[in-house]
Amino acid sequence: MKLYELCLTEAQALLQAGEISSVELTRAVLERISAVEPMVHAFLYCNCEQALVDAQRADVRRSAGGPVSPLLGIPLAIKDIIHVRGIPTTCGSRILEHYVPTFNATVIDRLQAAGAVLLGKTNTDEFAMGSSTENSAFGPTCNPWDLSRVPGGSSGGSAAAVAAYMALGALGSDTGGSVRQPAALCGVVGIKPTYGVVSRYGLVAFASSLDQIGTFGRTVADAALVLQTIAGHDPLDSTSLTDPVPDYVERLKKTDGLNGVRVGLPREYMVGGMQPQVEAVVLEATATLEELGAELVEISLPHTPYALPVYYLIAPAEASANLARYDGMRYGLRITGKDLWDTYHLTRGEGFGPEVIRRIMLGTYALSAGYYDAYYIKAQKARTLIRQDLERAFEKVDVIAAPTTPRTAFRIGEMVNDPLQMYLQDVFTLSTNLAGICGLSVPCGFASVNAADPGASTDLPVGLQLIGPALGEPELLRVAHVYEQATSWHQRSAPL
Amino acid sequence: MDKGYEPVIGLEVHVQLATASKMFCGCNAAAFGHEPNTLTCPICTGQPGVLPVINQQAVEFAIMAGLALNCRIASFTKWDRKNYHYPDLPKGYQISQYDLPLAVNGWVMVETNAEQKRIGIRRAHLEEDTGKLVHRGDHSLVDLNRAGVPLLEIVTEPDIRSAEEAYDFLTKLRTLLRYLKISTADMEKGAMRCEPNISLRPAGTNEWGTLTEIKNLNSFRSVRAALAYETTRQENVLTTGGRVKRLTMGWDEQRNITFPQRSKETANDYRYFPEPDLPPLVVQPEWLDRLRSQLPELPDVVKARFVVDYGLSDYDAAVLVADQAVARFFQDAMAACPAQEPVDRHAQAKTISNWITGDLFRLMNECGLAVEEMRMTPAELVGLVNLVRRGAISTGTAREVLAEMVKQGDSAEAIVQRRELAQISDQGTLEGIAGQVIENHPGEVAQYLSGKESLLQWLMGQVMRTTQGKANPARVLALLKEKLEAKRSGQP
Ligand SMILES: [Zn+2]
Chain S
297 MKLYELCLTE AQALLQAGEI SSVELTRAVL ERISAVEPMV HAFLYCNCEQ ALVDAQRADV
357 RRSAGGPVSP LLGIPLAIKD IIHVRGIPTT CGSRILEHYV PTFNATVIDR LQAAGAVLLG
417 KTNTDEFAMG SSTENSAFGP TCNPWDLSRV PGGSSGGSAA AVAAYMALGA LGSDTGGSVR
477 QPAALCGVVG IKPTYGVVSR YGLVAFASSL DQIGTFGRTV ADAALVLQTI AGHDPLDSTS
537 LTDPVPDYVE RLKKTDGLNG VRVGLPREYM VGGMQPQVEA VVLEATATLE ELGAELVEIS
597 LPHTPYALPV YYLIAPAEAS ANLARYDGMR YGLRITGKDL WDTYHLTRGE GFGPEVIRRI
657 MLGTYALSAG YYDAYYIKAQ KARTLIRQDL ERAFEKVDVI AAPTTPRTAF RIGEMVNDPL
717 QMYLQDVFTL STNLAGICGL SVPCGFASVN AADPGASTDL PVGLQLIGPA LGEPELLRVA
777 HVYEQATSWH QRSAPL
Chain X
540 MDKGYEPVIG LEVHVQLATA SKMFCGCNAA AFGHEPNTLT CPICTGQPGV LPVINQQAVE
600 FAIMAGLALN CRIASFTKWD RKNYHYPDLP KGYQISQYDL PLAVNGWVMV ETNAEQKRIG
660 IRRAHLEEDT GKLVHRGDHS LVDLNRAGVP LLEIVTEPDI RSAEEAYDFL TKLRTLLRYL
720 KISTADMEKG AMRCEPNISL RPAGTNEWGT LTEIKNLNSF RSVRAALAYE TTRQENVLTT
780 GGRVKRLTMG WDEQRNITFP QRSKETANDY RYFPEPDLPP LVVQPEWLDR LRSQLPELPD
840 VVKARFVVDY GLSDYDAAVL VADQAVARFF QDAMAACPAQ EPVDRHAQAK TISNWITGDL
900 FRLMNECGLA VEEMRMTPAE LVGLVNLVRR GAISTGTARE VLAEMVKQGD SAEAIVQRRE
960 LAQISDQGTL EGIAGQVIEN HPGEVAQYLS GKESLLQWLM GQVMRTTQGK ANPARVLALL
1020 KEKLEAKRSG QP
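Taken in sequence, the protein lines are chains S and X.
Take any residue in the first sequence, note its place counting from 1, add 296, and you have its number in the numbering used here.
Take any residue in the second sequence, note its place counting from 1, add 539, and you have its number in the numbering used here.
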């Protein structure tokens, strides 16, 4: 077995046992990056030299003895929308192409304190707006399972890096599904924690009330380990929760099967428009849950059809304000015009891509005098109803199971001219963000695309989405872990 | 002005709160007088990825102001984003409070021309200041030191009916803010900014005329002058059959006129929406009670107490309480008056008040000192007053001594002793000097005796000159009269 193929938990055990060093591990991963990154294009910035320095430091620290973090010396990738001091944060945008933050995101402070090795910054749809990484100003990332296909998005670079063995784990951000959807499309695990569990300080804002940093791993335990390290209250983020962080990993060990676990199946999520193979794979996964002891309960989330329109009012409204600071005055791109307003128009017109401009305009419109009540306020009311649907559901069930995405990875370029079709990729993941609860995607099988498709020969991964109530991470992760350990989907490798 | 119209004036006042740090970051909030862009951080310069954290001291200051303005303090209040683009606004939005301000429905009593009037306070809310632009030739520079400094925006009801009332309101507001120690309230230094709006209507009606707003006012005086000018201007428009246009006016300090200003933004749609980075603020009753109990005694209360306890006139009391430090100085002086002395306490209060508001204010003004910067203690002032009362020095000498006390910081007794200023009250000494003066000026004495009584003062002056002003004037007067009358009746 190659070192870079180790999952995080395995690598951690070998490091701790002294069988490998972090330098060896990091070097192996960097070599892997050299070999496959030209095909995948998961990274926007490679921190190679610093990564080796950090790996060396981690080895020294370990040899000094004493208790160490499970992430000590583990090479991770960071979505390029989270600040690492001293290296560029572009957010996949021309407008921030040369922006270098002077401060760390809180999650990076915590990873560095734990001794993790930061490999580099991964590709993203511009300002996390998209579901394919095709909205990156620096070109799309390719899906390691089929290079002609998208990895999903917006955290597609992180998902692809983990799937292609270019990192043992990664950070992403999830505003409407941006961690879970690429995790599903790349066949890895992706967690979106409860809103407020992870600090947003240093995460460049897309939609502040929905954004949450999430983690990727090749197993549930891997993603949980990374989450364990970054979770917890941060005084710099007033929306971060003060609740103590439970020991997620410890809880995974209490595998009493799924006896007594009630799994809700929302009627509204199993309706038309889905790829039949995806639907079949997900149904099979729920059957597996039942075999493992879970009780399947049909539930109803009646306001589900409103999630998409509600999301596309609230997220762009917040984005329109969050992106107002990119005005060419203090940092980033500036194209000087004949006067101030001309400079604004030129800078923002050139600096932002079409999807970002579309959402700024949508959001500006939704907040405008005369439309605010009809759009923004109504959307907030509907958001409350969606949250209440889920709260009621969690009185009856422990977790909810659903598809992560309606279909497997699509071809690069296939949907770029059809934004509505693209928006539908997140139809199953949006409610979790709107309700502020937690969810994850775990590999649950493969679908061969239909015979008419030239890529039919390829098996593409499918994700099972599990959703938990606010702060329901421990049980959510445990259910996913039990399922994962009873199946072998996570053991398959992308054919690179 | 003509009886036909009356002005209807409302004020929007921005007060910079004197917190240690800015509204949403840890930067020093004392933005005045620092090198540009030295009091900044990633948060107040609007870097990508930063988040605001509420400054609790700013909230407490705002609540204290709300209480002092007799407002209802909202138990639930929230933050909103006010969106517009301008280079001095780093995030492209200002965090403010839109529909749920921290304080509403208050009032302030204001005295204008000896008449008390209640001015309504519509609302008071917290927000962050913007930076400022510095124009240099063909380009502009941005200074973000001020960006993020906490501001309290206070909006009055349109209850003000004259430029004078507006001036008095601002004065009263400044006094309140300084009593609370929550702002320097210094308009010249930008710690207080006022944007009045004014319309005219036929006197005695409840109509609403078209209003104009006035900007760029940088002193209370310019607020008063601009409102007076605008009142006359609008009146001229109306009486000549014209219509007032809804405009934003600027104020030309040199020419003393208002002029129409081009608006910064063509359409003011600020697209307010709730700030998702900050949870709503819940003001718990216990918190409110604690702040209420920490409020200092406010000027109106102190004034009423001075009138009742010390028998001061309304006017004297008002002058003393206009500055909290002066009021405290007066009160400490009263406390330092020896209780056993058989003096009318009210008379004593009046004397001390007169010394403070008269000579002391003049001296402080000359020396550019605030009362709290003076080395003289209230007890030392009482010492001086007592020397005068006991006849040890004259009032004129006391003035000199006071000047030295303020400048040097010695006690009155020490100065009098050192400079040998003690009044000559010794009967024998004074008799000798008076006799000498009468002897030396036979002409004047003769004129006096023949009926030119005003010469008594002149002779008195001669005694004072001889004694370098130290003679006890009352005794000298009595002695001179006695000796002159003796001369008139032919006694030796
Ligand atoms: Zn700052």
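Hint data in this document are derived by calculation from the structure and do not stem from the laboratory.
Glycine residues also receive a C-beta, built at the ideal position from the N, C-alpha and C atoms.
Honestly, I wouldn't trust all of these hints.
Simulated restraints, written as ranges between beta carbons of each label pair [as the list claims (entries may be wrong)]:
1) X/787 to S/692: 55 to 61 Å
2) S/781 to X/624: 35 to 41 Å
3) X/624 to S/346: 34 to 40 Å
4) S/363 to X/615: 28 to 34 Å
In silico DSS-like links for lysine-lysine, alpha-carbon gap of 30 Å or less [said to hold, decoys possible]:
5) X/621 to X/671
6) S/677 to X/617
7) X/617 to S/634
Part of the chain X face toward chain S, derived, beta carbon under 7 Å [as the list claims (entries may be wrong)]:
8) 581
9) 588
10) 620
11) 622
12) 626
13) 706
14) 808
15) 810
16) 815
17) 817
18) 821
Once the shortest beta carbon distance from residue 626 of chain X to chain S is found, is it less than 7 Å? holds (5 Å)
Residue 624 of chain X and residue 781 of chain S - C-beta distance against the hinted 35 to 41 Å: With a Cβ separation near 53 Å, residue 781 of chain S and residue 624 of chain X fall outside 35 to 41 Å, so the hint is violated.
Do the Cβ positions of residue 624 of chain X and residue 346 of chain S conform to the proposed distance bound of 34 to 40 Å? Check passed, 37 Å falls within 34 to 40 Å.
Can the suggested window of 28 to 34 Å be confirmed for the beta-carbon pair residue 363 of chain S and residue 615 of chain X? violated (45 Å)
For the pair we were handed, residue 677 of chain S and residue 617 of chain X, check the Cα-Cα distance against 30 Å. holds (17 Å)
Supplied contact hint for residue 588 of chain X, tested at 7 Å Cβ to chain S: At 5 Å from the nearest chain S Cβ, residue 588 of chain X passes the 7 Å test, so the hint holds.
May I ask you to test the interface hint for residue 706 of chain X with respect to chain S, counting a Cβ-Cβ separation under 7 Å as satisfied? violated (35 Å)
Should the hint that residue 622 of chain X touches chain S count as held when the rule is a Cβ pair under 7 Å? holds (6 Å)
May I ask you to test the interface hint for residue 620 of chain X with respect to chain S, counting a Cβ-Cβ separation under 7 Å as satisfied? Nearest chain S Cβ about 5 Å off; hint holds.
Grab the minimum C-beta distance from residue 815 of chain X to chain S and call the hint holds if it beats 7 Å, violated otherwise. holds (4 Å)
Go ahead and decide if the range 55 to 61 Å is satisfied by the Cβ distance of residue 787 of chain X to residue 692 of chain S. holds (59 Å)
Interface hint check: residue 810 of chain X, Cβ to nearest Cβ on chain S, cutoff 7 Å. Holds or violated? holds (4 Å)
Of the numbered hints stated above, those contradicted by the structure are hints 2, 4, 7, 13 and 18, listed in ascending order.
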